[in-house]
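Participant: Let's have the full structure, built from the sequences with the hints guiding it.
Residue numbers (this note's numbering), protein chains in the order written: chain R, 1 to 141; chain U, 1001 to 1117; chain E, 2001 to 2247.
Don't take every hint at face value.
[What the hints assert, rightly or not] Straight-line Cα separation of at most 20 Å, SDA-like style, residue types lysine to any residue; simulated pairs:
#1 U:Lys1006 to E:Ala2199
#2 U:Lys1006 to E:Glu2192
#3 R:Lys18 to E:Val2104
#4 U:Lys1006 to E:Lys2020
#5 R:Lys10 to E:Arg2055
#6 U:Lys1002 to E:Pro2242
#7 E:Lys2020 to R:Thr11
#8 E:Lys2020 to R:Thr13
#9 R:Lys18 to E:Asn2071
#10 U:Lys1006 to E:Ala2191
#11 R:Lys18 to E:Arg2013
[Stated by the list, open to error] Which chain R residues stay away from chain E? Per the calculated CB distances, all over 10 Å, these:
#12 Pro15
#13 Pro23
#14 Gly58
#15 Arg76
#16 Leu123
Bear in mind the hints are in silico, worked out from the structure with no lab data behind them.
Every residue, glycine too, gets a C-beta built ideally from N, C-alpha and C.
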Amino acid sequence: MSAAHAKVEKTPTAPARKPSGFPLGWYRYRNYTIFAATCIPMGVAAFELLAGVRALGGGEEAWNAWLQSLAAGPMRALNIVCLLFALYFAFRFGWVGRKIAAGRIGPIPKPPAPMPILGVAPLGGFVTLWLILFVILGGFV
Amino acid sequence: MKLIHKLEPIWWMLFGGGGFVAAFFLPGLIISVLLLGPSELMSTGLSYPRAHALAASPVGRIFLIAVITLVLWHCAHHLRHFMLDLFGHAVAPIAAYGAYALALAGTIATVQAVLAL
Amino acid sequence: MAETKLYKLEVLRFRPETDKQPVFETYEVPCMDDWVVLDALNAIKDDIDPTLSHRWSCRMGVCGSCGMLVNGRPVLTCAAFVRNYTGTIRVEPLSNFPIVRDLVVDLESFIDKIKSVKPWIIRKLEKDLSEGEYRQSPAQLEEFKQYSMCINCALCYAACPVLASEPEFLGPAAIALAHRYNLDSRDEGNAERFSSLNAGDGLWGCSYANECSQVCPKHVDPAMAIQQAKLTDALQFVHVLPKKSFT
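Facilitator: Given below as structure tokens:
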């Protein structure tokens, strides 16, 4: 090995700086952070549903008690928060998922379109499904 | 962390699958059951005999297991990355093992509860 | 001499021999209307403070060496017109990289990551020269062309929030480049790249902030490459797809 290849001592550096405006200072990072945070309320909602299934297995009284517990003020507030985050999740996931669904894409695409435009289209499909679920669960047919 | 890293494709597929399921069904379930469940509107639909019949049917059982467990795995994976964003590289093992352990416990509990219907 | 307007530039300085940590220094620079931030930096170096250090070369968005943060956003300074900014213009070195001096960052980790994905065409058996070139149809070229537009400016690394907490993450440009060669009909190196994409955090650190694609001056869309690479990789992991499925 020649002298030119000898290990060069590293110059002193200042530590790397975090991206400016992360996690909440700048709107695009903020949108991303809210998306990441959806995991907590959505996980809570899933555990609530799990509690519901357990109550359903526990007989009529347990089921009715569980339904009544949902009517309490704090639970109602919690579930509204869960809903808002789940809606935001569906909204952004519709925008995110398109890149996976696009598969191996050929032509040079235009720069990524802003979120609202692409998020809305899948949301229409999602809303239809939520309504169907509502009709089935409510026994309206 | 070696095992966690080795299985990364699995975590990601559970995350993606859970994401789809969550976007498709979760807001609908939150509205119909968690928010409107106790109301007059759903009193027949979610009355015990009907709710039990719906949930205990083969389709109902598969639906419940799929939605609850996949959403849990989705949230666990997302939580793991969220913790990294907030607290940095040092929490990587705790975030990964903690989040996935939670999802695993939830999965076992869900399967148990659904089979007990 | 055309008319000039006075702009205030706040530049992050770091002189390792005197500064303990980076500090901002303000300069008032007379700029012409068609100047870009890079012109203003060069004017500082030429006329105001010759000790200012920054990288640049082509001045036309091809070489990828003048990437910096302008008002917090990673941009090529040769494409950032001063007239588009109001008030003080803040210029900082790229985030997520150690600072060597002033606006010059240490790109070694970036270069190492690029190298680790073997960004060249790998053949099991090289064809003999007499057999002619490797042929490729326009359709096959279109498969990966977008991802080959990368100029290695590292703006995507500066924008990525994952790299801030997980320095081991391979990062947008390297993954997009790996995906570019995996998609190339002439390449047979997918299995080799599979192992570097899956080493440690590798490809999987990405949590989809999509900022890499937003800041990319060449519209490479690394976020798309990462998602597609993940999908392909995951399907290969569970043996739904064979390791070389692109020919």
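Participant: Indicate, hint by hint, whether the structure satisfies it.
Facilitator: Now the hints, each set against the structure:
For the proposed pair U:Lys1006 and E:Ala2199, the alpha carbon gap of about 8 Å is at most 20 Å, so the pair holds. A hinted pair counts as satisfied when its Cα atoms are at most 20 Å apart, and U:Lys1006 with E:Glu2192 qualifies at roughly 16 Å. Note on R:Lys18 and E:Val2104: the hinted pairing holds, with a Cα-Cα distance of about 16 Å set against a maximum of 20 Å. Of the pairs offered as hints, the one joining U:Lys1006 and E:Lys2020 is violated, with about 41 Å between alpha carbons and a cut-off of 20 Å exceeded.
Proximity of R:Lys10 to E:Arg2055 is assessed by CA-CA distance (about 19 Å); at most 20 Å being required, the pair is judged to hold. Proposed proximity of U:Lys1002 and E:Pro2242 is contradicted: the alpha carbons are some 24 Å apart, above 20 Å. This hinted pair checks out: E:Lys2020 and R:Thr11 have alpha carbons roughly 14 Å apart, not beyond 20 Å. Proposed proximity of E:Lys2020 and R:Thr13 is supported: the alpha carbons are some 10 Å apart, at most 20 Å.
Distance hint between R:Lys18 and E:Asn2071 is fulfilled; the C-alpha atoms sit about 14 Å from each other, no more than 20 Å. Distance check on the hinted pair: U:Lys1006 and E:Ala2191 sit about 16 Å apart at the alpha-carbon level, within 20 Å; holds. Proximity of R:Lys18 to E:Arg2013 is assessed by CA-CA distance (about 17 Å); at most 20 Å being required, the pair is judged to hold. Listed as a non-interface residue, R:Pro15 fails to keep its Cβ farther than 10 Å from every Cβ of chain E; the least gap is roughly 6 Å.
At roughly 7 Å from the closest C-beta of chain E, the C-beta of R:Pro23 falls inside 10 Å, breaking its exclusion from the interface. Chain E leaves R:Gly58 outside its interface by the beta-carbon criterion, the shortest separation being 38 Å against a cut-off of 10 Å. Even its closest Cβ contact with chain E, about 31 Å, leaves R:Arg76 beyond 10 Å, as expected for a residue assigned away from the interface. The claim that R:Leu123 is not at the interface with chain E holds, since no C-beta of that chain comes within 10 Å of its own (minimum 18 Å).
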